[in-house]
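Here's the letter readout for the chains.
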Amino acid sequence: MTDHELMWRIAGGSGDGIASTSQNFAKALMRAGLHVFTHRHYPSRIRGGHTYTEVRADSEPVRSRGDGFNCLLALGDSFARNPKEGAYYGDEEVKPLAENLDELNDGGVIVYDTGLLDAEDIPNFEERIEENDWHVYPINLREIARDHGREVMRNTAGVGATAALLGIDLQYFEDLMAESMPEEILEPNKEILHYTHDMVQEEFEFTHDLRVPEGSHDEEQVLLSGSDTIAYGAIDEGCRFIAGYPMTPWTEVFTIMSQALPEVGGISEQVEDEIAAAALALGASHAGVKAMSGSSGGGFALMSEPLGLAEMSETPVVLVEAMRAGPSTGLPTKPEQADLEHVLYTSQGDSNRVVLAPGTVAEAYEQSRLAFQLAYGYNIPAILLYDQKIGGELMNVPASHFDREPNPDLGAVTTEAELQDAPHGPGGKFHRYRYDAEDGVSPRSIPGQKDGHFLVTGNEHNPAGHIDEDPTNRVTQVERRASKLDAIREFLDDQGTQTHMGPDEADYGLITFGSQQGTVAEAVDRLNDAGHSVKGIGVSDMMPYPVEEMTEFLESVDEALVVEMNSSGQFRGLTQKELGRFGGKLSSLLKYNGEPFEPAEIVAGFEASIEGQDVPEQQTTYVPAAGD
Amino acid sequence: MSAFSAIGEEREIDREEFTPTLEPQATWCPGCGDFGVLKALKQAMPEIGRNPDEVLLVTGIGCSGKLNSYFECYGYHSIHGRSLPIARAAKLANPELEVIAAGGDGDGYGIGGNHFMHTARENHDMTYIVFDNEIFGLTKGQTSPTSPKGHKSKTQPHGSAKDPIRPLSLALTSGASYVARTAAVNPNQAKEILVEAMQHDGFAHVDFLTQCPTWNKDARQYVPYTDINDSDDYDFDPTNKTEAQAMASEAEQSLYEGEVLTGRFYVDADRPSYQEEKQAIGEMPEEPLAERYFDDDYEWERTHDMLLDRHK
Chain S
0 MTDHELMWRI AGGSGDGIAS TSQNFAKALM RAGLHVFTHR HYPSRIRGGH TYTEVRADSE
60 PVRSRGDGFN CLLALGDSFA RNPKEGAYYG DEEVKPLAEN LDELNDGGVI VYDTGLLDAE
120 DIPNFEERIE ENDWHVYPIN LREIARDHGR EVMRNTAGVG ATAALLGIDL QYFEDLMAES
180 MPEEILEPNK EILHYTHDMV QEEFEFTHDL RVPEGSHDEE QVLLSGSDTI AYGAIDEGCR
240 FIAGYPMTPW TEVFTIMSQA LPEVGGISEQ VEDEIAAAAL ALGASHAGVK AMSGSSGGGF
300 ALMSEPLGLA EMSETPVVLV EAMRAGPSTG LPTKPEQADL EHVLYTSQGD SNRVVLAPGT
360 VAEAYEQSRL AFQLAYGYNI PAILLYDQKI GGELMNVPAS HFDREPNPDL GAVTTEAELQ
420 DAPHGPGGKF HRYRYDAEDG VSPRSIPGQK DGHFLVTGNE HNPAGHIDED PTNRVTQVER
480 RASKLDAIRE FLDDQGTQTH MGPDEADYGL ITFGSQQGTV AEAVDRLNDA GHSVKGIGVS
540 DMMPYPVEEM TEFLESVDEA LVVEMNSSGQ FRGLTQKELG RFGGKLSSLL KYNGEPFEPA
600 EIVAGFEASI EGQDVPEQQT TYVPAAGD
Chain P
0 MSAFSAIGEE REIDREEFTP TLEPQATWCP GCGDFGVLKA LKQAMPEIGR NPDEVLLVTG
60 IGCSGKLNSY FECYGYHSIH GRSLPIARAA KLANPELEVI AAGGDGDGYG IGGNHFMHTA
120 RENHDMTYIV FDNEIFGLTK GQTSPTSPKG HKSKTQPHGS AKDPIRPLSL ALTSGASYVA
180 RTAAVNPNQA KEILVEAMQH DGFAHVDFLT QCPTWNKDAR QYVPYTDIND SDDYDFDPTN
240 KTEAQAMASE AEQSLYEGEV LTGRFYVDAD RPSYQEEKQA IGEMPEEPLA ERYFDDDYEW
300 ERTHDMLLDR HK
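Residue numbers (numbering that gives the first Met the number 0), protein chains in the order written: chain S, 0 to 627; chain P, 0 to 311.
I should point out that these hints are in silico values taken from the structure, not numbers from a laboratory.
Small disclaimer: the values here were computed from a predicted structure and weren't measured.
Errors might be hidden in some of the hints.
[Claimed, not checked] Stretches of chain S that chain P covers, calculated by requiring three or more beta carbons in the stretch to come under 8 Å of a beta carbon on chain P:
#1 233-245
#2 260-268
#3 391-402
#4 461-475
#5 483-496
Positions of the beta carbon are idealized from the N, C-alpha and C atoms, including for glycine.
Construct all of the structure, not just a fragment, from the sequences and the given hints.
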């Protein structure tokens, strides 16, 4: 983080093009050489209702949304209705301006559309401007757009205005528009962009000192979301079959895959429900294709039945679970990390699955590939657990990060030649579930292979797959399946999948998993800069859990604070369960209001925890160590 | 050479290959109609020229699910009601497999009813056998979706207040391109219908009446039956959907009045299978996907080369 970073927020109504405009804005800044990071906030509505996206840009790598923001483009909500009659959704008309002021930093810049927003409706606006040293530029963006093109193009007018105020070269926006717009709307948009830019430069006296930072990276970058990287990891790992049912935020991965798979000769199926979706993935995998399915909390609940079948039958499959705030339908468009226990333990019987939780957009690519490697290498279901935050946020990643060889290896399968010499049962069935398998992995045959037929069943079964309730067989098979997790643990330890932050030696530890990793990393740096002795770890392996590495980490610190987005401290609970100790060393910093942590909240939470005070922010909760 | 050399292998196939040693061990009750399905299936298989290694039989849970334990082929004894989604994905992954799904009336018309409707509407090229005995057998005699109205059981002690599911009509309305009913008491007709169903290019639904002598006490409940295609009393055209629907409706009503009408109700040989539809719009490759993983010469695409440009 530098002092000159830009944290630009565009606000308006759902359906007003906030997402696409911000995406172009972020891409323009990336092309200008900046590191960018976006944070999306949107309601569970298609049209109208307050929505915003932040774009944080800096000359140094950006790891989180940051604290608050310093430039607001308030476009107005063109779908706001009945503001005076106290309609169901309340006083909407001025929300894009009013709702965002609380988080606008001191010295911030405000551009708002006087065509849709009446500043007089905002309580104490003038006083607040003075108090916070805000710099306000009221512009009738709606009128400009209408005069030079169409009213919906007021986003472009807004971009032109902020580009002038921040000193961004318009060429970046022009290029992006030319790449995405048909000729008939490109011309008026270009005209609006330039007109507003020039008008702002000529007519306003700039009182602020916020300018776009200098670009720094020279390597080719790409702007991607976690949903993109999960999908691309799957494709590069040879996944050619997906089945799903739409549910926010999983739909993003499903959509990307559905568009990409036919291009690579793969198959995507939108089916009747999530039980079917997971079952289809099992069917395709059984028949010899790398397959995936997925959902979000409620849909994943339906998948618990096929998930158990995948464990018992040792059918490889990758399921993704995009967490949103629950229980039940919860907050459909807001992030939370409260499905961890659901994903670890759902379905009957002892869990025999891999659960990986990527910590960043870039990491989600590796973890997606890894999930397939583990699933197919060990004939076990692997779950990729992430949340709405990682799924939807955009970050720049060097393009070279994705420049890797595809891996179509189907993993633990037999060849027909091997089947000739393999043991078979009296009826002719191949011993697919043999007792003496190395690392517990008994290779499967694929339907159509000669002499390979066997029986898959969700019942306990003998080596040929026949239902078998013999106690000795039962114990042998349970232990063989469980031993695969030990082998996977060893493999993952060699990969070094956990992310360490800060110095090697420190007095205190910050522990997190999944999407909060970048924010915690930023907090660790800030705490050390402020004179604390802190190191951090972002854990990505939920099952099997990195027992050795975490024991080492926790033994090396006096105390540790577990940062996670849920109200019950699920990851802290998992850590204590897996390690069987450290109960007195671990305290929790929790947030579950539908928004991810900001780095300053973690800094404040940490300082409060070591000083034994309550956490100052209303929206976060501190839970002391069990031993205290 | 194909990685799946069992597929299309030309040789004399003996029906005993499908049940070499296991049939006597079957744990179905004496007199169970499920024996009839097993017998008909193992007789049908060599007639369509399929050997055990090129057949995938996906079953659900219940007495019907045990079919897989007594039949030699690639078997997938899955979970209650879910045989169809597993079967249809396997067929999409490798269309050269002979894919059969099987389940009971609770499995197929109750818990799996949604999958039944959607698999029929998509017209996947597979055969779906439903063991219809109007009762839950393995859970010991509860009312099923095809139990007659008024049927008394431990879970419906006052007699079911529900009208039964009409499986033939449901299959027809949903879009199945082959609809038939047969009975375990008539193994010859059953075998013929299974052969037709497997040779049919599309979703073939066979409602297979299987008597349950244990929980539906009348072990001869589907005797005598009438073959509607052989009888002069039932003049209808099975390629005409309207006539087929009327005939199916009549058969479904008469079953509960003690008259068992079986045979082929509907055949649409022209409707393209789901696979053909998907291939026609470019959403499915012509070659079996499953083969690709065994093809060392196949050039696997990378997202870096084909998808990253749009993110730059």
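Quick rundown of the hints versus the structure:
no.	hint	result
1	233-245	holds (count 6)
2	260-268	holds (count 8)
3	391-402	holds (count 3)
4	461-475	holds (count 3)
5	483-496	violated (count 0)
When the structure is compared with the earlier hints, a violation turns up for hint 5 alone.
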